[in-house]
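Heads up: the sequence lines are chains A and B, in that order.
For any residue, its number in the numbering used here is found by taking its place in the first sequence, counting from 1, and adding 761.
For any residue, its number in the numbering used here is found by taking its place in the second sequence, counting from 1, and adding 57.
None of the hints are false.
In silico DMTMM-like cross-links for lysine to aspartate or glutamate, where the CA-CA straight-line distance does not exceed 25 Å:
hint : chain 1 : residue 1 : chain 2 : residue 2
1    : A       : Lys802    : B       : Glu164
2    : A       : Lys781    : B       : Glu102
3    : B       : Lys156    : A       : Glu820
According to the in silico footprint, chain B covers these stretches of chain A (three or more CB under 8 Å from chain B):
hint : segment
4    : 805-812
5    : 868-876
Quick caveat, the hints were computed from the structure, so don't treat them as lab data.
Backbone N, C-alpha and C fix where the C-beta goes; we use that ideal spot for every residue, glycine too.
Each chain, written out:
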Amino acid sequence: GAVVSQHPSWVICKSGTSVKIECRSLDFQATTMFWYRQFPKQSLMLMATSNEGSKATYEQGVEKDKFLINHASLTLSTLTVTSAHPEDSSFYICSASGGQLGGEQYFGPGTRLTVT
Amino acid sequence: QKEVEQDPGPLSVPEGAIVSLNCTYSNSAFQYFMWYRQYSRKGPELLMYTYSSGNKEDGRFTAQVDKSSKYISLFIRDSQPSDSATYLCAMSAYNQGGKLIFGQGTELSVKP
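So that you can see chain B by itself, here it is in the shape it has in the complex (with noise of 0.2 Å):
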């Protein structure tokens, strides 16, 4: 079993959808939760980073951490063609150097 779950997709929703992006883990020691956007043949960019449970928003964007259940959600309003890309979920424990856990990444395509 992977330490961090993220169903692949591909994901295709129509303009305007509320996009809903999820991953699971296994270590209960994980307490920094982050997610980025990667487009093609590009660096990952940092979407939201959140310490412990709760939730987070940033404009169109909302993450949700439920450490009770291991899992955590990111949340896209009004999604737009311009959201088109992977999106990874990453996660990393206080006791591991600062090193990443990702999950497989999603590939979302918003559709006009």
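Just chain A, with the same shape it has in the complex (with noise of 0.2 Å):
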């Protein structure tokens, strides 16, 4: 399968600060990109869809001033969490896909963001 990695794997910051987390299709162009937030024990929780060169989507409940998304070309997207806080402590998970709507997802590995 496509191969989907993200960067950083873990981090830990302070609240208040802000955190960048890449996304990058490693073997196809991904024409959409999604994040989503996961708590333990949890399901996926889509936060927004994202389209090479366009704004993107928001979930309904998610504050795009705070998580801001770039899909800049098509093999990176990034999910920026501005002034961030210990509530925004969770696992973030990025996929993307070739670009046929309804077809596959890849995932990525995710990244444990730790807001002290």
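Could you fit the two chains together into a complex? Lean on the hints.
Put into structure tokens, the structure is as follows:
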């Protein structure tokens, strides 16, 4: 299957600072990337959908000014958590799709964010 | 009622057993069906992808989709301890921009 990477895999930051997470599709062009959040023992919660060169579409209840998403190229999307607070601590996972609507989505390994 | 229902388990089986995992759904517009395996603290790994109804086999894994009953299944033959993980079903409709709707996930433990 296709490979998606995320960086960093684990980050600790202080409350009030910003953190950027990168998501890369390594062997295919991802026209669409998705960002998820996952709490322990729970399923994935979609935060936003981003298409290359377009503004991201955020799910209801997700603050777009707090979770900034950029999809500048067909292989890279970034999620920036601005002014992070302890309640933002979570497991953030991206996925990438090659473009066919309904096509396979491949997930990155996830980024564990801890805000102190 | 959730769009996708999946028994969260946990499900514990002995090594070598056949495992059956299931999801039901309510949205008849779903056309694409996937099963993911997720190990603790890792991203989900795509196991099976099926379009519309039918069966698909890949090694020890078989996915079945019955759109008339709005029911999908994943069978694991000759289960191994390395199969111990959480299994997530996911589905999408053509007109939803590729957005996946996930089940809760079933936690599977295969005992040696």
